[in-house]
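J.: Sequence:
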Amino acid sequence: MNRDTYRSSNIVIQNSVINNGDDCVSFKPNSTEILVQNLHCNGSHGISVGSLGQYQGEVDIVQNVLVYNISMYNASRKKDMARIKVWPGISSAMSEDLQGGGGLGSVQNITYDKMYIENVDWAIEVTQCYGQKNQTLCNENPSNLTISDVYFNDLTGVTSGKNDPNVGTIICSSPDVCSGIHATNIDVKSPDGDSGFVCTNVDEEFLDVECASSS
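Residue numbers for the sequence shown follow the working numbering, beginning at 346 and rising by one.
Worth flagging that the hints you see were computed from the coordinates, not collected in a lab. Computed from a predicted model, the values in this text were never measured in an experiment. Any given hint might turn out to be false.
[What the hints assert, rightly or not] Simulated restraints, written as ranges between beta carbons of each label pair:
id: 1; residue 1: G538; residue 2: D367; range: 24 to 32 Å
id: 2; residue 1: G525; residue 2: E441; range: 30 to 38 Å
id: 3; residue 1: K459; residue 2: P510; range: 24 to 32 Å
id: 4; residue 1: T481; residue 2: S440; range: 16 to 24 Å
id: 5; residue 1: Y351; residue 2: D537; range: 33 to 41 Å
For glycine and all other residues, C-beta sits at the position ideal for the given N, C-alpha and C.
Starting from the given sequences, assemble the full structure and let the hints guide the process.
T.: Printed below as a string of structure tokens:
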């Protein structure tokens, strides 16, 4: 089973083996002051913030979260290791039964530290365009939910190779609502040895990765 938090604070999730086909751990709206550590995740969607900002006018907050010492295996089929999912400012559709956008709030002070992956599609995925495939439309209608002070540190391993030559993606809808994303000591490669990142509207000064595709 997966571990989801919702309208919760002062939570510790630790010392567990989790086998599932959903998020290993997911921080849903209004989750704060959380420690997740020493997990072995297999077959999951990753450890996710969100999705947030799905409902127009609603305020979603996730802040002060530390994810530490995680092993992630076989998180494939559009699955990730460390993921932040935020809807844009315009109504969007992930599928017929999953739609949203226009919500308010913030993601702040989130740390992913010491993580190992094998056969995972993305090592890192950050998006403020969740559910919106048209990047231009997302840029024109940036998220009302801000992302700031996010830290990815000491990530190692090998991806599934699905997204070669890239191993991570950081997609902000606007630099005005997305700042302070850091990536350091990232040693993740594809099976072919590639290590690129897709980067959009993000300050690359704090990224110790190769933004092979950016805008």
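J.: For each hint, tell me whether it holds in the structure or not.
T.: So, going through the hints one by one against the coordinates:
In this structure the hint that G538 and D367 lie 24 to 32 Å apart at CB holds, the actual value being about 31 Å. Remark: the range hint 30 to 38 Å for G525 to E441 is upheld by a beta-carbon distance near 35 Å. Between K459 and P510 the beta carbons are some 25 Å apart, a value that agrees with the proposed interval 24 to 32 Å. Between T481 and S440 the CB atoms are about 21 Å apart, so this pair conforms to the stated range of 16 to 24 Å.
At about 39 Å, the beta-carbon gap between Y351 and D537 stays in the expected band of 33 to 41 Å.
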